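Trainee: What follows is each chain in one-letter form.
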Amino acid sequence: MIKRFFSLLLLCLLLVAGTAQAGVTLEEFKFNSKAEEQHFKDLIEELRCLVCQNQSLADSDAELAHDLRAEVYGMVQAGNSDEQIVEFLVARYGDFVLYNPPVKPSTYLLWFGPFVLLVIAALMLLRSVRRQQNTATTEISTEERAQLDTLLGSTTSSKGDKQ
Amino acid sequence: MTRYLRYLVPLAIFFILVAFLYRGLSLDPKRVPSPLVGKPMPEFTLPRLKDPAATLSDSDLRGKVSVLNIWATWCVSCRAEHSVLLQLARESTVDIYGLNYKDERTPALQWLQQLGDPYVANAFDADGRTGIDWGVYGAPETFIMDKQGIVRHKHIGPLSVDDLNNTILPLIAELQATP
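These protein sequence lines are chains A and B, in that order.
Quick note on our numbering: the first sequence kicks off at 1 and runs consecutively.
Quick note on our numbering: the second sequence kicks off at 1001 and runs consecutively.
The shape of chain A in the complex, shown without the other chains:
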């Protein structure tokens, strides 16, 4: 069992390593420093490729992604800020290129919906807990108490009988 678990784990790790290697290389771009290269990578990780829509510009091997990487690289080298580059792409392709969508009326549901659901869930939980507490502390009448005693008593006696 343990052996099987480890071989499965190994397989998963291999698969992950495989996808990491399948990414595109940035060899065509020259950077003056590691920090500059990292900055470029971080930037294109945040931008979405329109052709293969579930990949970022950093992952996609599509022709357009290639062109856009070159475009972003050119803009970084020309001293444009991240905001300017993002603005450039949004003006052409829309908010769709952003993996991190801006907060505006059309995205309120996206941004705040989960919190609204969380509040609703919390309220429902609170209500059901309260209700349970209420039933737990409910007083029973003397009549009910007597009935309960008989029932409990009969159980103990019947148990005793068997033993």
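Some, not all, of what chain A presents toward chain B, calculated at C-beta under 10 Å:
#, residue
1, L50
2, Q53
3, L64
4, L68
5, A91
6, Y93
7, F96
No lab work stands behind these hints, which were simulated from the structure alone.
Predicted model only: the values in this text are computed from it and were never measured.
Beta carbons: idealized from backbone N, C-alpha and C, even for Gly.
Given chain A's structure and the hints, the job is docking chain B onto it.
Mentor: Just chain B, lined up with the frame of chain A:
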């Protein structure tokens, strides 16, 4: 009342989910709305396909209703769309311009010779830089501009005869009628 609420609330949530999922069935995630619609067309100046010495620029498209079609010989659905563009050229007085996107000149010229040429002129965008300015992410794409040079419509993917009759031709007629 609260007794019914216990059943009504999940039922309501269920129907809301169904409504969202049903809407999703008819949405195509490949069609990303263009932020260019309602804005002035991007500026460009490119060599023409047939005459490399001459240029085609956005100013050639201004002052009248114009259509810009992005195509390439490597694009399979462009071939399917071509007959619809020829039909558009026949049925409308509108000037259709082409943006030959990331293509090569010789096969592109052959294409026009063999399949027919619906275009007034073609811009030759070899490196796709103008395509980026127009937000092109997959040929074919078709833009319609009004007389002021404002982008009024973008069609992503090949135009069908239905698209032509239901959307493109009525829109062109409407734009041509407005001063």
